[in-house]
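Undergrad: Sequence:
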Amino acid sequence: MKQTAMIFLGLLLFVGTANSQKTEILFNSEDLSNWVPVLRSEANADTVFYVTDGIMNAGGAPFGYIRTKDSYENYELRLEWRWTGEPSNSGVLLAISGEDKVWPHCIEAQLKHENAGDLVLMHEGAKATVDGQDYQVNPEVSWVAVANKFSASTEKAPGEWNTYRIRFFNGTLEFWINNTLQMKATNATPTKGHIGLQSEGTGIQFRNIELIQL
178 MKQTAMIFLG
188 LLLFVGTANS
198 QKTEILFNSE
208 DLSNWVPVLR
218 SEANADTVFY
228 VTDGIMNAGG
238 APFGYIRTKD
248 SYENYELRLE
258 WRWTGEPSNS
268 GVLLAISGED
278 KVWPHCIEAQ
288 LKHENAGDLV
298 LMHEGAKATV
308 DGQDYQVNPE
318 VSWVAVANKF
328 SASTEKAPGE
338 WNTYRIRFFN
348 GTLEFWINNT
358 LQMKATNATP
368 TKGHIGLQSE
378 GTGIQFRNIE
388 LIQL
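All residue numbers for the sequence shown refer to our numbering, where the first residue is 178 and numbers rise by one.
Treat the hints as calculated values from the structure; they're not laboratory data. Remember, predicted model here, so these are calculated numbers, not experimental data. Note that CB positions come from ideal geometry on N, CA and C, so glycine has one too. Please note that a few of the clues may not be correct.
Label-pair restraints from in silico Cβ distances [unchecked claim]: (1) 231 x 318: 41 to 47 Å; (2) 231 x 349: 30 to 36 Å; (3) 217 x 323: 16 to 22 Å; (4) 250 x 336: 32 to 38 Å; (5) 210 x 274: 32 to 38 Å; (6) 219 x 366: 30 to 36 Å; (7) 302 x 358: 22 to 28 Å; (8) 263 x 318: 39 to 45 Å; (9) 209 x 329: 31 to 37 Å; (10) 219 x 364: 37 to 43 Å; (11) 384 x 317: 36 to 42 Å; (12) 228 x 340: 18 to 24 Å; (13) 390 x 291: 29 to 35 Å; (14) 257 x 199: 17 to 23 Å.
Result set (DSS-like, lysine-lysine): computed pairs, CA atoms no more than 27 Å apart in a straight line [to be verified]: (15) 246 x 278; (16) 289 x 246; (17) 246 x 369; (18) 199 x 246; (19) 199 x 369; (20) 278 x 304; (21) 369 x 304; (22) 278 x 333; (23) 289 x 199; (24) 333 x 369; (25) 361 x 199; (26) 289 x 361; (27) 304 x 289; (28) 289 x 278; (29) 333 x 246; (30) 199 x 278; (31) 278 x 369.
Based on the provided sequences and hints, a complete structural model is requested.
TA: If you want it as structure tokens, here you go:
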């Protein structure tokens with residue numbers, strides 16, 4: 178009887194943990210109703226960010242980003258991306274806060290070709306520690322600070338789908354590119370804000386964008 182009670186308690190704990198980590202689909206594969214476009218110059222946002230065959234497209238020009246309407250903190254973000262032509266530059270923007278502008282105050286999980294996994298800090302106040310070294314933006318020098326990924330590129334050939342897994346919990350960041358850990362940072366800030374995807378160069382596609390709240 179005691180053993181049965183313990184098993185039942187274990188099942189309750191398991192179900193409780195599973196329920197507390199529900200997956201939220203950020204992109205419904207149909208439209209961009211849950212997203213807000215921000216562009217550097219005047220343009221029809223629908224020609225820059227749009228959906229085809231269940232895939233989100235970012236045209237690359239003009240520069241800008243599309244962000245979630247909601248803000249998030251302490252989560253694991255998963256998505257897939259691929260280049261539609263000549264690979265260029267893009268990124269996943271985390272903890273977007275303050276004014277919507279190009280580019281905003283945030284932390285970027287880099288998607289620039291062959292640099293996916295770099296950590297980019299944008300604007301004063303953004304900071305992180307990587308391998309014992311402190312990185313932060315010094316506005317007298319530059320509006321960005323970059324920590325390079327851990328190893329050689331693990332991206333697939335242009336045109337193939339890649340996976341990005343980003344874990345951001347209590348100021349600790351991990352970037353996984355195609356199941357390879359390319360970045361781990363601690364004491365990262367800001368920690369809360371919108372999540373965005375960049376239009377920055379040439380065409381790129383995204384799909385299976387989902388978030389697990391931790």
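Undergrad: Work down the list of hints and note, for each, if the structure agrees.
TA: Now for the hints, and whether the structure bears them out:
no. : hint                  : result
1   : 231 x 318: 41 to 47 Å : holds, 43 Å
2   : 231 x 349: 30 to 36 Å : holds, 33 Å
3   : 217 x 323: 16 to 22 Å : holds, 21 Å
4   : 250 x 336: 32 to 38 Å : holds, 34 Å
5   : 210 x 274: 32 to 38 Å : violated, 23 Å
6   : 219 x 366: 30 to 36 Å : holds, 33 Å
7   : 302 x 358: 22 to 28 Å : holds, 26 Å
8   : 263 x 318: 39 to 45 Å : violated, 31 Å
9   : 209 x 329: 31 to 37 Å : holds, 34 Å
10  : 219 x 364: 37 to 43 Å : holds, 39 Å
11  : 384 x 317: 36 to 42 Å : holds, 41 Å
12  : 228 x 340: 18 to 24 Å : holds, 20 Å
13  : 390 x 291: 29 to 35 Å : holds, 32 Å
14  : 257 x 199: 17 to 23 Å : holds, 20 Å
15  : 246 x 278             : holds, 15 Å
16  : 289 x 246             : holds, 25 Å
17  : 246 x 369             : holds, 13 Å
18  : 199 x 246             : holds, 19 Å
19  : 199 x 369             : holds, 19 Å
20  : 278 x 304             : holds, 19 Å
21  : 369 x 304             : holds, 13 Å
22  : 278 x 333             : violated, 31 Å
23  : 289 x 199             : violated, 30 Å
24  : 333 x 369             : violated, 30 Å
25  : 361 x 199             : holds, 24 Å
26  : 289 x 361             : holds, 18 Å
27  : 304 x 289             : holds, 20 Å
28  : 289 x 278             : holds, 20 Å
29  : 333 x 246             : violated, 31 Å
30  : 199 x 278             : violated, 31 Å
31  : 278 x 369             : holds, 17 Å
Checked against the numbered hints listed earlier, the structure breaks hints 5, 8, 22, 23, 24, 29, 30; every other hint is satisfied.
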